[in-house]
Amino acid sequence: MPKDKLKIGIYELTGCAGDALLVVDCENELVDIFQAADIEAFLMAKSDNNDGELDVALVEGSVTTEKEIEELLDIRKRSKVLVAIGICASLGGIQACFLDPKEWEKNLKKVYGEVDMINTKALPSKPIDAFVKVDYYLPGCPIGREQFLFTLTRMLNGNPPELYRFPVCMECKWNENDCLLNKNILCLGPLTAAGCGSVCINHNLPCVGCWGPYEEANRTAEFKLLLEKGFSEEHVKNKMANFSGTKIVGFFSQFKGEKK
Amino acid sequence: MKKISIEHLARVEGNGGVTATLDGKVVTDVKFFVNEGPRLIERLTLGKTPEEDVNLVPRICAICTLSHKYAALRAMEKALDIRVPAKVSLLRELMHLGEMVESHSLHVFYLALPDYVGFPNAIAMASKFALEVKIALEMKQYGNQIMKTTSGRYIHGENPVIGGFGRFPGRDELVAIKNRAIQFMPFVLMTVKLFCELDYPEAPEAETLYACCNPPADKYGLVGDEIILSNGETIDVQDYKNLTNEFIVSHSYCKRSHYKGKPYSVGALARVNCLGERLDGEAKKMYKKYFNARWTKNPLFNNAAQALELLFAFERIPEVVNEALKLPDAAIVTAQNKDGKGAGAVEAPRGTLFHYYEITRGLVSHSDLITPTAQNAEDIERYCYIAAQKLLDSGQEDKIKDRMDLVIRSFDPCISCSVHMAQVKKASDDNWRDKLAELTATTSPVFVGMGMAGWSDDGVGLELARALRRRGVDDVWLEAELEDRALSDTNGRRPVVFLDAVDFGAAPGKIAIIPLQTAAWNSVLSHRFLPLVTGRLNLAQQKNSFLLGIQPSSVREGEPISEPVFRAMEKILEEIKK
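Line by line, the protein sequences are chains V and Z.
Just so we're aligned: 51 in numbering that gives the first Met the number 0 is position 52 of the first sequence, and the numbers increase by one with no gaps anywhere.
Just so we're aligned: 274 in numbering that gives the first Met the number 0 is position 275 of the second sequence, and the numbers increase by one with no gaps anywhere.
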């Protein structure tokens, strides 16, 4: 154990607050965490929040306003380690699907017309690493309870977190599920980062990709397989794009290179 | 302002608040705002398959995730003409009740109760209410457990799909849920007693219209194909736009709703007002015991209504489980249609939630999502105003901030924005100059002089209008000559400024500019303006109309305008000349 208690801050930018809520939902463990670490800031759980120096900052949500950029830069400046929690912070989230700024602006106008908002200027949704250095990523929509507690306890003990480096298929095999691809059901498990415990396949449903892309996935083989099964390239990419945010571009450009 | 199309959704969570501006003895402005960045959820569902849409939309809010899921499922199944088996409906009801147990128990015990028993937060409250704090947490965990068992995860579970469930919960899991519900009953009854007997302050008390889903078969419940209003009217969910009439305000990313030009409320209190007579069992007994006229007009009773709904949920859960256990699991019903449109409504813990989709060749071509907080926003502002003005009238200015906090929190907008967020601002004496400059910045307003000529200061509005005309200002009208076209031509694009003597309870000659809507909520000012507001101005015009008032010193027949009021008039003319 480090001599002093770690100072931790948990922050929410734009998103559904599901990652922070999941931390709150770890009720029983939360008592121990609050004892083992100093929770300096956690807006959802407490009202007396400090904005001083931090050992670890956990940041949920994507950046969608100018004010949030300032907030984020301030958090980075005060923190030794910054962890992105959830796919909004890691990838930009489902709201980062308008990759072309013009397309985004068109849609913003469709929704709000020409009304000028007086409080804050809106921006296309971006992951936090578009603005600051991120030390670790905890993917998920929302993050997984086990992976969160595992990561946090390792850090509390002064060790670097060990993140899962395998796709959903690995967990799916551990759970002894039948592979849905064998039944010609489009499952994104082979392309998606693990950590959810293959929850959808455990419920006889295909993986929807909500933990975002698994960077080391064997894209070439997987894509070939899906094409053989009769799924179109567009269909697979659209489905994969739902939860991959701005990172979908890199994921598929790499993909293209491999295909050649 | 150009034409605004209403296609947006903003979750109220995180960054939001209310600001009230006090000008002397009058609350001149109340604004409820949400500062969170826009996510354009409705736009990003376009081009997705119905299945993908149902994966994506629960991500709007982690707290109401299953309500969003359920509303989307109902809309999609309506659009694609899918009818699900009874077991599917029952297990969806169970997951929905689980979400309500989680949300209500958290809200009443952890967010609302500390205010009423004089503690800053729930942790501090534990010193005196140890049992309540402990069992409330268990109750919340129990709600989470139901959500996980039925939906697959605590948050954003994917098990409920269009046409059914991926996997049905096992018999043992369901029986465990039922048994646990029965164990909680003594605590739930204590909860109802506690919250129904709290001392809810009188300010704010004012009538409103309540709306909720009308469950079938004359039952209390959380879904329906119809909306019922507290005045007895019903609206088909497919015609939901007749209820919601959404519009945008520039101070917030959260849209607003009006029914027939008036705000309405949704949520637990709305449900108890519309459906309370249909309750059964212990819930019926408690309803008979505690429901009274104050529940029909005081938003703070929402906490009592939530407690009553917890009792309804804990009585209903064992029934749902018993019924579900009698039925076989069913395969997922698949859609035969690739085109269609449909709306679905459910009661989220904090009120009615609408999803509407159009499906073209198997993909979403239009979507419209309307959240409870967007519908409540106008009433939140109105009740904050009423509370603030009543406290100001009775000399309790120092209580305004806390009381507005209480009002907002009672609407249960969502967890993080329910924390302290009210602000009270004092306007400077010259505040009216800035406001007037704002109104005349881009376009010239229409001025309307009001009042009674020959009654000393009551004639100041008319006198001011005549003086403006003499100085060559266009579009100046006198009350008696006012033609409808003078107002209708503005179409909400040009501000309308009514000039009149107004009793602010301040020193004679005091000048203030108040939004007309605020004036309409004020009991003293409203008798004069209400006919104008409701009869002749549409909503866009009401939102862009203002009252420029001067405090009179006396109102006597046959006397001239008093000295201070005359000077105030000169100041205004000077300012408009600029």
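Since the hints were derived computationally from the structure, they do not count as laboratory data.
Treat the hints loosely; a few may be bogus.
Stated by the list, open to error - Calculated lysine-lysine pairs in the DSS-like style (CA-CA distance at most 30 Å, straight line): (1) V/Lys109 to Z/Lys261; (2) V/Lys182 to Z/Lys261; (3) Z/Lys261 to V/Lys108; (4) V/Lys109 to Z/Lys337; (5) V/Lys105 to Z/Lys340; (6) V/Lys109 to Z/Lys147.
Stated by the list, open to error - Derived, one-sided and incomplete: chain Z residues facing chain V with beta-carbon distance under 7 Å: (7) Arg42; (8) Ile154; (9) Arg166.
As the list claims (entries may be wrong) - Take a look, some chain Z residues computed to stay more than 10 Å from chain V by CB distance: (10) Glu131; (11) Asp224; (12) Lys259.
Idealized CB from N, CA, C, for every residue including glycine.
For Z/Asp224, is the shortest beta carbon distance to chain V beyond 10 Å? 27 Å, holds
Does Z/Lys337 sit within 30 Å of V/Lys109, going by the straight-line distance between their CA atoms? Distance ~26 Å between V/Lys109 and Z/Lys337 Cα, so the pair holds.
Cut-off 7 Å, beta-carbon criterion: hint that Z/Ile154 touches chain V: 5 Å, holds
Since Z/Glu131 was said not to touch the interface, does its Cβ keep a gap of more than 10 Å from each Cβ of chain V? 16 Å, holds
Please work out if V/Lys105 and Z/Lys340 have their alpha carbons no farther apart than 30 Å. 24 Å, holds
Hey, is Z/Lys259 genuinely clear of chain V, shortest beta carbon separation above 10 Å? Holds, because the least Cβ-Cβ distance between Z/Lys259 and chain V comes to about 23 Å, which exceeds 10 Å.
Taking 30 Å as the top limit, are the C-alpha atoms of V/Lys109 and Z/Lys147 close enough? Roughly 37 Å between the alpha carbons, so the hint for V/Lys109 and Z/Lys147 is violated.
Hint consistency between V/Lys109 and Z/Lys261 [alpha-carbon to alpha-carbon, up to 30 Å]: 26 Å, holds
Do the numbers back the hint for Z/Arg166, that is, is its least Cβ distance to chain V under 7 Å? 4 Å, holds
Hinted contact Z/Arg42 with chain V - closest CB pair below 7 Å: At about 4 Å, which falls below the 7 Å cut-off, the nearest Cβ of chain V leaves the hint on Z/Arg42 intact, so it holds.
Verify the proposed pairing of Z/Lys261 with V/Lys108, using a straight-line Cα cut of 30 Å. 27 Å, holds
Is V/Lys182 close enough to Z/Lys261, meaning Cα to Cα at most 30 Å? 55 Å, violated
Figure legend: structure checked against the earlier numbered hints; hints not met, in rising order: 2 and 6.
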